[in-house]
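Model the full assembly from the supplied sequences, consistent with the hints where possible.
Here is what each chain is made of, one letter per residue.
Number of protein chains: 2
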Amino acid sequence: MPMSIEQNTSRLRDVTEKTIAEILKTEKVLFDEQFRYALLNGGKRLRPIVTMLCCEIAGGKSSDARYAAAAMEMLHTFTLVHDDIMDNANTRRGLATLHKKWDVGTAILSGDEILALAYRALLKTKSKKNVRLVEIFTKAFFDVCEGQAYDKDFETRTTVTSKEYLKMIELKTSALFSSSAQLGGLIANVSEKKLNALAAFGKNIGIAFQIQDDYLDCFGDEKTFGKKIGGDIAEGKRTFFLVRALEKSPRSVLLKKVAQRKISASMIPEGIKLFEEMGLKKEAEHLVEKYTQTAITALNVFPQSSSKETLIRFILQLVGRKS
Amino acid sequence: MPMSIEQNTSRLRDVTEKTIAEILKTEKVLFDEQFRYALLNGGKRLRPIVTMLCCEIAGGKSSDARYAAAAMEMLHTFTLVHDDIMDNANTRRGLATLHKKWDVGTAILSGDEILALAYRALLKTKSKKNVRLVEIFTKAFFDVCEGQAYDKDFETRTTVTSKEYLKMIELKTSALFSSSAQLGGLIANVSEKKLNALAAFGKNIGIAFQIQDDYLDCFGDEKTFGKKIGGDIAEGKRTFFLVRALEKSPRSVLLKKVAQRKISASMIPEGIKLFEEMGLKKEAEHLVEKYTQTAITALNVFPQSSSKETLIRFILQLVGRKS
Numbered sequence: 001m002p003m004s005i006e007q008n009t010s011r012l013r014d015v016t017e018k019t020i021a022e023i024l025k026t027e028k029v030l031f032d033e034q035f036r037y038a039l040l041n042g043g044k045r046l047r048p049i050v051t052m053l054c055c056e057i058a059g060g061k062s063s064d065a066r067y068a069a070a071a072m073e074m075l076h077t078f079t080l081v082h083d084d085i086m087d088n089a090n091t092r093r094g095l096a097t098l099h100k101k102w103d104v105g106t107a108i109l110s111g112d113e114i115l116a117l118a119y120r121a122l123l124k125t126k127s128k129k130n131v132r133l134v135e136i137f138t139k140a141f142f143d144v145c146e147g148q149a150y151d152k153d154f155e156t157r158t159t160v161t162s163k164e165y166l167k168m169i170e171l172k173t174s175a176l177f178s179s180s181a182q183l184g185g186l187i188a189n190v191s192e193k194k195l196n197a198l199a200a201f202g203k204n205i206g207i208a209f210q211i212q213d214d215y216l217d218c219f220g221d222e223k224t225f226g227k228k229i230g231g232d233i234a235e236g237k238r239t240f241f242l243v244r245a246l247e248k249s250p251r252s253v254l255l256k257k258v259a260q261r262k263i264s265a266s267m268i269p270e271g272i273k274l275f276e277e278m279g280l281k282k283e284a285e286h287l288v289e290k291y292t293q294t295a296i297t298a299l300n301v302f303p304q305s306s307s308k309e310t311l312i313r314f315i316l317q318l319v320g321r322k323s
Numbered sequence: 324m325p326m327s328i329e330q331n332t333s334r335l336r337d338v339t340e341k342t343i344a345e346i347l348k349t350e351k352v353l354f355d356e357q358f359r360y361a362l363l364n365g366g367k368r369l370r371p372i373v374t375m376l377c378c379e380i381a382g383g384k385s386s387d388a389r390y391a392a393a394a395m396e397m398l399h400t401f402t403l404v405h406d407d408i409m410d411n412a413n414t415r416r417g418l419a420t421l422h423k424k425w426d427v428g429t430a431i432l433s434g435d436e437i438l439a440l441a442y443r444a445l446l447k448t449k450s451k452k453n454v455r456l457v458e459i460f461t462k463a464f465f466d467v468c469e470g471q472a473y474d475k476d477f478e479t480r481t482t483v484t485s486k487e488y489l490k491m492i493e494l495k496t497s498a499l500f501s502s503s504a505q506l507g508g509l510i511a512n513v514s515e516k517k518l519n520a521l522a523a524f525g526k527n528i529g530i531a532f533q534i535q536d537d538y539l540d541c542f543g544d545e546k547t548f549g550k551k552i553g554g555d556i557a558e559g560k561r562t563f564f565l566v567r568a569l570e571k572s573p574r575s576v577l578l579k580k581v582a583q584r585k586i587s588a589s590m591i592p593e594g595i596k597l598f599e600e601m602g603l604k605k606e607a608e609h610l611v612e613k614y615t616q617t618a619i620t621a622l623n624v625f626p627q628s629s630s631k632e633t634l635i636r637f638i639l640q641l642v643g644r645k646s
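Residue numbers (the numbering used here), protein chains in the order written: chain A, 1 to 323; chain B, 324 to 646.
Please note: incorrect hints may appear among the correct ones.
Residues from chain A shown here face chain B by an in silico Cβ test under 10 Å; the list is partial [stated by the list, open to error]: (1) K28; (2) Y37; (3) H82; (4) I85; (5) G105; (6) L109; (7) D112; (8) L115; (9) E135; (10) K139; (11) Q148; (12) Y150; (13) D153; (14) F219; (15) G220.
Hints in this document: simulated from the structure, not taken from any laboratory.
Just so you know, even glycine gets a beta-carbon here, dropped at the ideal spot from N, CA and C.
Following this line, the structure appears as structure tokens:
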């Protein structure tokens, strides 16, 4: 009997946990406690699961991709640790952020060294294409920093177009998904054509995932979402909704106040209501659907397989978690 | 007529400046101003000069090593930008540190992205051994973080042995010199034996350089040193001198106060005098000489050449700048 999608993804999540634990055991680091705290306290392991499933759909063995998968998760963790400092965030996955539990210096350095470990993990991969692996990984590292720079820049700008917003999430979110998918394919030794298909798959699923994340902040269920609804509005964050709303109604007093972080608690439900009235809820749903379908279509170059079915159902779950 | 050592090193410094400027021009980044500020405002370019000279002594062309050389300088800059935040430093090379001129978030992110650019620069190198280049570069990145972790850890500890101090500077300072030397050799396609010799050269010169740096803080000439004498003492920094002095006289009231940063201005000359009375000035001079000689001896596997002569005279200048 074939494994269910839950069994399949939980198997790969397990491989990720074990591989990261193995890396931490092999590499002796002074900040061992901090590394375990950042790397082994939950996390959905989406990116490593994408890497390993993409390796499988391309005919490879997921175990051959496990170090690259762990490297992607560690690259992701590095960005979270540093972004949390920049955003002055207090909690992450229900725990104090690393810089709150320790201090900013320790968090900067832990982030840096987790990235060094990520490169070392990646280099453990047995593949003739290791230089390409490093190139793709480094491109993701570069893009994710550039995306964060844009996100930071948006905070102080009065106007941000939806085109700029899309560019930002392509860098900040899609880059990691795209390179996660490509690494898996490369390890399975795919052709350039298939590699490009995996890049497109990752890019589109990343955009869908980010818009969905913005969506859940307004229209999700607090219980399953795990965060307070309207948190992005409270922070004046340039999400899909705020950017599009300001584009459509640049003179709205409420929207201006949100963008300038001059809001009171009652404005959060007002803002959400306004987004819905402006048709942005529907627009977001449509975009998530569109990017998800484009992502799935990109996989057409791969033959049908149970891994492909798992991957498609996995990402549908990912963007469909509206509860 | 052969070039003088000054002409030779200034030529390589020039190549470094141009290569970094070229990289910044090619890669479009949002924080262009910050990157130029961090990367193109002086700096002695010691590490890239070592990379290119080591490439030459191994029979290669220095121009083939220019991207790797620039990558080493950028890795070094990344560590300076992040370390300055951790140390709450106000100035660097006579200018405000990046996090003081902008803000901590911008400095964290700029450091991160400069490192991403460093990897991208390294990957531009035309060599069949690119995977080894990345491995050696990543080892240096990992070690320098680990060294900084130890240095940070020392701040809060009551006792630090001189063995621990040596281990720390091997990681924090020698790692970059060692990998700078190795990258140059690898690009010139040296044997494993010669690669090991270059690693030993870099390691020993790094230790000599760091002890000399500690030495200048106490016994240098303010005019040529470029920093205020006794700055390390004022900060209670675990230098060679403080570590050795506390090892020899753990009960000294003055030393304890220095270590706990409970000092007044008058204690700085007292501290320096004490170090000298304890014989540590001589001990440091002896160690710098010893490690420098070991470094030079490691180069015996390379034939005599004008590049080798330049390299030896360059490092002698480096550790001999007592003025």
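Results of checking the hints against the structure:
For K28 of chain A, the interface hint holds, since its Cβ comes within 10 Å of a Cβ in chain B; the closest pair sits about 9 Å apart. Given hint, Y37 of chain A at the interface with chain B, is violated; its Cβ is 15 Å from that chain's nearest Cβ, farther than 10 Å. The interface hint given for H82 of chain A holds, since its Cβ lies 5 Å from the closest Cβ of chain B, which is under the 10 Å cut-off. This hint holds: I85 of chain A has a C-beta 6 Å from the nearest C-beta of chain B, less than the 10 Å allowed.
With a least beta-carbon distance of about 4 Å to chain B, the hint placing G105 of chain A at the interface is held under the 10 Å criterion. A least Cβ separation of about 6 Å between L109 of chain A and chain B falls short of the 10 Å threshold, and the interface hint therefore holds. Hint status for D112 of chain A: holds, given a least beta-carbon distance of 5 Å to chain B, under 10 Å. At its closest, the beta carbon of L115 of chain A sits 8 Å from a beta carbon of chain B; the interface hint therefore holds under the 10 Å criterion.
Hint on E135 of chain A holds. Least Cβ distance to chain B is approximately 6 Å, under the 10 Å limit. Taking 10 Å as the C-beta cut-off, the interface hint given for K139 of chain A holds, the closest approach to chain B being about 8 Å. This hint holds: Q148 of chain A has a C-beta 6 Å from the nearest C-beta of chain B, less than the 10 Å allowed. Interface hint status for Y150 of chain A: upheld, as the beta-carbon distance to the closest one in chain B is roughly 6 Å, under 10 Å.
Checking D153 of chain A against chain B: minimum C-beta separation of about 6 Å stays under 10 Å; hint holds. Taken as an interface hint, F219 of chain A does not check out: its beta carbon lies about 30 Å from the nearest beta carbon of chain B, beyond 10 Å. With its C-beta approaching chain B no nearer than about 28 Å, G220 of chain A sits outside the 10 Å limit, and its interface hint is violated.
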